[in-house]
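Colleague: Each chain is listed here by its residues.
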Amino acid sequence: NAGVTQTPKFQVLKTGQSMTLQCAQDMNHEYMSWYRQDPGMGLRLIHYSVGAGITDQGEVPNGYNVSRSTTEDFPLRLLSAAPSQTSVYFCASSPTGRNYGYTFGSGTRLTVV
Amino acid sequence: GIQVEQSPPDLILQEGANSTLRCNFSDSVNNLQWFHQNPWGQLINLFYIPSGTKQNGRLSATTVATERYSLLYISSSQTTDSGVYFCAGPLEDTDKLIFGTGTRLQVFP
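Here the protein sequences come in this chain order: U and X.
FYI, in my numbering the residues of the first sequence are 1 to 113.
FYI, in my numbering the residues of the second sequence are 114 to 222.
Hint data in this document are derived by calculation from the structure and do not stem from the laboratory.
Wrong hints could be hidden among the right ones.
[Said to hold, decoys possible] Selected chain U positions facing chain X (Cβ under 8 Å, derived; list incomplete):
(1) Y31
(2) G42
(3) F90
[Unchecked claim] Where chain X lies over chain U, by a calculated footprint (3+ residues, C-beta under 8 Å):
(4) 32 to 41
(5) 49 to 59
(6) 73 to 87
[Unchecked claim] In silico negatives: residues of chain X with every beta carbon more than 10 Å from chain U:
(7) P121
(8) L126
(9) E128
(10) S132
(11) S139
(12) P152
(13) N169
(14) Y186
(15) I211
(16) T214
By construction, the Cβ of each residue, glycine as well, lies at the ideal position given by its N, Cα and C atoms.
Start from the sequences, fold in the hints, and give me the full structure.
Modeller: Written out as structure tokens, the structure reads:
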């Protein structure tokens with residue numbers, strides 16, 4: 001049982017490049033979400049999904065796209081990377097979004113130069 | 114306004130000391146949870162504590178929902194307790210889990 005798997009662990013992008021951060025879970029959780037963590041600012045919600053085919057915006061959605069075609073996968077796409085998107089990105093899943101049972105991935109450290 | 118606020122922002126302890134971390138949350142946040150992020154960045158769910166008190170070993174948490182605050186107690190702290198402690202809760206009637214800015218705890222031997 002792998003839990004929540006994020007790839008890659010580290011990535012350096014040039015401004016304007018696009019890329020996809022991968023997130024997969026094997027716990028059959030309906031709820032998945034993406035956060036970014038910046039120094040001194042805690043975790044901020046980017047996008048979330050309550051099930052396959054359903055996504056919604058969080059606190060800081062601009063510059064990011066998501067889709068949820070299967071229960072297991074929830075990729076995060078950066079369309080045109082900017083230095084302001086340099087951050088550590090965490091994916092999380094839980095049986096529901098409102099209660100106990102959150103499992104976080106180990107994070108992706110992204111640097112945009 | 115600020116929906117989830119934590120104090121203190123930083124805490125330095127010697128091994129064996131006790132500590133109390135506080136989380137204040139607004140009317141629009143419920144179903145409080147506490148998380149620990151270890152020095153390697155891994156986030157672990159500690160407690161789901163919408164109200165009342167729960168204990169897990171040396172850690173316990175109390176939430177007084179009517180007064181909009183939660184406390185995390187760490188007794189007989191160990192160096193492995195070091196890291197950042199976050200409280201979080203979903204915005205009312207949504208699945209958006211909102212985090213506080215955290216309390217960074219350093220425990221020295």
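Colleague: Which of the listed hints are broken here?
Modeller: Per hint list: 6, 15 and 16 violated.
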